[in-house]
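**Q** Start from the sequences and build out the full structure, keeping to the hints where you can.
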Amino acid sequence: MGPLIDAIPLPYTDAVVVLGAAVLGLTCGVLGAFAVLRGRSLVGDAVAHAALPGVCVAFLLGGTKDVPLLLVGAGVAGVLGAVVMLAIERNTRIPADSAIGLVLSAFFSLGVVLLTYIAGSGDADQAGLESYLFGQAAGLLESDVAVMAAISAVSLAAVALTVRAMRVVLFDPRFGGSIGLPVRALEITSTVMLVIAVVIGVRMVGAILMVAMLIAPTVTARQLTDRLVPLLALAGVVGAAVGVAGAVGSTAAGLPTGPVIVLLALGIVLAAVLLAPRRGVLWRAGALLHRRRLAACDAALLAWHRDGELPARSVRALARRGWAEPGPAGPRPTAAGRAAIQEVLERRALWSAWLEHGTRLDLDDPREPGPHDLAAVLGPHRVSELRELAATNGAPR
Amino acid sequence: MTDTAVIVLTAALTGTACALLGPFLVLRRVALLGDAVSHAVLPGIVLVWLVAQTRAPLAVVAGAALFAVVCVLAIDALRATGLVPPDAAIGLVFPALFSLGVLGVTRYADGIHLDLDSTIYGEIAFVPFATVTVAGVPLARATVVLAVVVAVNLALVGLLWKELKATTFDPEFSRTVGLRPVLLSRLLLLAVAVTAVSAFEAVGAILVVTLLIVPAATAYLLTDRLAVMVAVAVAVSWVGAVAGNALATATDSAISGAMGLACTACFVLALLAAPRHGLVVRWIRRGRRRRPAAAA
Amino acid sequence: MFMKVRATPALPATTVTAHAPAVDVRGVTVSYRSTPVLWDVDAELPAGRLSAIVGPNGAGKSTLLRAMLGLVPMESGRVRIAGLPLEQARDLLAYVPQREAVDWNFPVTVREVVAMGRYRAAGWFRRLGRTDRTLAAEALERVGMTAFARRQIGELSGGQRQRVFVARALAQQAEVLLMDEPFAGIDARTQAGLLGLFGELCAEGRSVVVVHHDIAAVRASFDHALLLNVRALGCGDAREVLTEEAILRAYGAPPAEDAVAWAR
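Line order of the protein sequences matches chains E, C and F.
For the first sequence, the numbering used here assigns the number 1468 to the initial residue and increments by one for each residue that follows.
For the second sequence, the numbering used here assigns the number 60 to the initial residue and increments by one for each residue that follows.
For the third sequence, the numbering used here assigns the number 157 to the initial residue and increments by one for each residue that follows.
Source of the hints: derived by calculation from the structure; they are not laboratory data.
Hints may contain errors.
As the list claims (entries may be wrong) - Simulated crosslink set (SDA-like; lysine to any residue; CA at most 25 angstroms straight-line):
1. C:K221 <-> F:G285
2. C:K221 <-> F:A277
3. C:K221 <-> F:V258
4. C:K221 <-> C:L246
Claimed, not checked - Which stretches of chain C does chain E cover? Using the computed rule of at least three CB atoms under 8 angstroms from a CB of chain E, they are:
5. 88–99
6. 141–151
7. 263–271
8. 275–281
9. 316–328
Said to hold, decoys possible - A few chain F residues that face chain E, going by a derived Cβ cut-off under 8 angstroms, partial list only:
10. S190
11. T191
12. S232
13. N261
Every residue, glycine too, gets a C-beta built ideally from N, C-alpha and C.
**A** Okay, structure coming up:
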């Protein structure tokens, strides 16, 4: 730990915080994936709040603010909370999200009562509730980071060992059960890992913001890869990067660390969602707009051909393309316009023929074409074959 | 009125305001959206202070409403990309908004007497001391504000009762008959935001979430009629207020936490003992079903 | 089982325009991403008749109903209900969706569900009046579920639930009823009862459009059929449209001679 800290070009306390943030980001990134991919992102929020009474009880029993003991207490309470959530969801008509909210509220209320009782006053602030909720990066000790790192290492090793089985269970638990995987055990492991991630992270970012650290790295990584192992690795990297950047930035600017990290995390998610190649919004928006314009154009041409009428706004669009010109009885198609109409009609006829007779064609290409790329996907040979089938209405020569 | 009575009254009013909305949040499966909105109002409070240098209730409510809208729209936008699962969207947006609020408070709000802690668990003990004069009578300000919020929520739920009922039960049918399920959803969340921000000073965000969900969940186990569900939720919140206050005094702990515990106790009781949906009854029923098979 | 009640009087002739079909779709195309699930669908379903929409799974039958109701965006085409565009025709329409989308644990009684059919007529912010409640009660009586009026909706069997949703549609006093797979997963008695009820409704001058999976039943009991598989393969008299050849064409199996050619 020492040499690592010395390597960071910051004053000692800041370096400790940065290292802690790196461990936190890495761990929450990887372990959080197992919640997000199972659709249980907000369970992390509940676990973060549920851990509070565990910390209090550990303190009451142990009589000391010994960090590992408190972490154990937090962990036990977190697991208990997760179990109760599941039990409520499975055994009552209470919906899943309300079960999460219930456990969150109930355990946290208990925690507040215990905390203020411990502090001997009705003023929870004195008792350190603020640092629990909002995190307290500043007072982080080297020994704390060492403990975090040790726990993290063990959990990441567990992930590495179980990742192949996890992949199946995450995607299709019933299938996993049918091939003999211990689905229940793996689900329990996922939950325990989530609790571990929360317990590690709550110290630095606080209970309220914890959930974002569990979710953001996975959502970001998901935009960049489709496979589980690269996703986990990427989530870890993103988490660590955001953690470090946030820690450095917040200590430099004199701001609380947790909020800065969370805002950075959201920023990265937004960047990934907007800019990811192929999946990203900006990427698809262009393709979507293009498709819509084509469809609107086709629809206008078709309506014109069929009904002889054209709404005013389409007249302008078509005129701009040189397909419509003013005439004695209203707009009429130019030669290019007539060709465009013909093309649309042929394309649609081909698609109809495809719907009707497509199963007869022998295709090497497994792609599923749409009406606009059908001719391209089929190739000229198959297109003429399809046309022939349509002309003879299915009876081959 | 004694200070304790004011405290209990304020707590009960908060509970009522939340319990009027809670059942719809639970039934529409947006309980956690209510949680998110309750946290997202913090930057609204801060912004209003920064811009208008005031903590007057009306202005603060406006700021809260603004950020509630931002929260809901942001979550919807993330969901709409198809790239972010709906619950993940919630878990990203409200921490980000809350972070904005925290940063705002630490950076700019030295003059504001808004401690972060009070946003979470409130300072209900101080409620009796901030008074306004209404019709010549000095009343605790928070109590008055909450009374108004109760009236507003009552009006909302009362006037839109059948619309809320239909859109919660069958949103698709409601769309086809023009009942605007999305609009009602947004209105509901707006009401949650207004309630949350009004209750902040008194009981803090976490207890608001608790009062939204726990009494409603308790009521859901006890009845099959929507109107009864709302009534029972309100009743549970009152029990929480009174019992919570007693517990807090006895153990010298925070009142908001004690209230949450009291409501939880009601829930656990209902969970076990509810006549039709309680666990004890179900176990008995299951046992009865198995016994004939065993005897055969 | 189904009560022969004083049936609601037949609609006055002026409302049901003899010329306007109950449903008229032209060139309707609906796409999901870039794949059309409905392609250039033209269909006319006549007024005052019992019509069925049939086709294989994934044919777009539910999507067509939802497009008629404006629940899904259309890439192209238009829909007319009783000769009017959808926005003007909402009061003439009633929709019974497929049953899955509903929250069965919701604390609402059978009577309250049927009453929801009157909500639009009652208007925003207002309570239901006596007429509304009477109409709802009559609708419930008509499907024979009055005895269950106070039960919570989740306690009912599949067939009973279906009857309640039909009652809700009846309470709307609509001219055109659109129903998505009302016969799916319910017992034969309820099916027969519902079919009889639909016949009565048509006799009163209303139009009933039903998505149905049972072709034999449609040929036997329905007036009109639309055979659908992404595109409209036939729309007209049920027995004329649902020929063996048409059905094979819709369901994708190659005709007999080709099967031999393939095997060679």
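**Q** Tell me the hint numbers this structure goes against, listed in increasing order.
**A** Failing hints: none at all.
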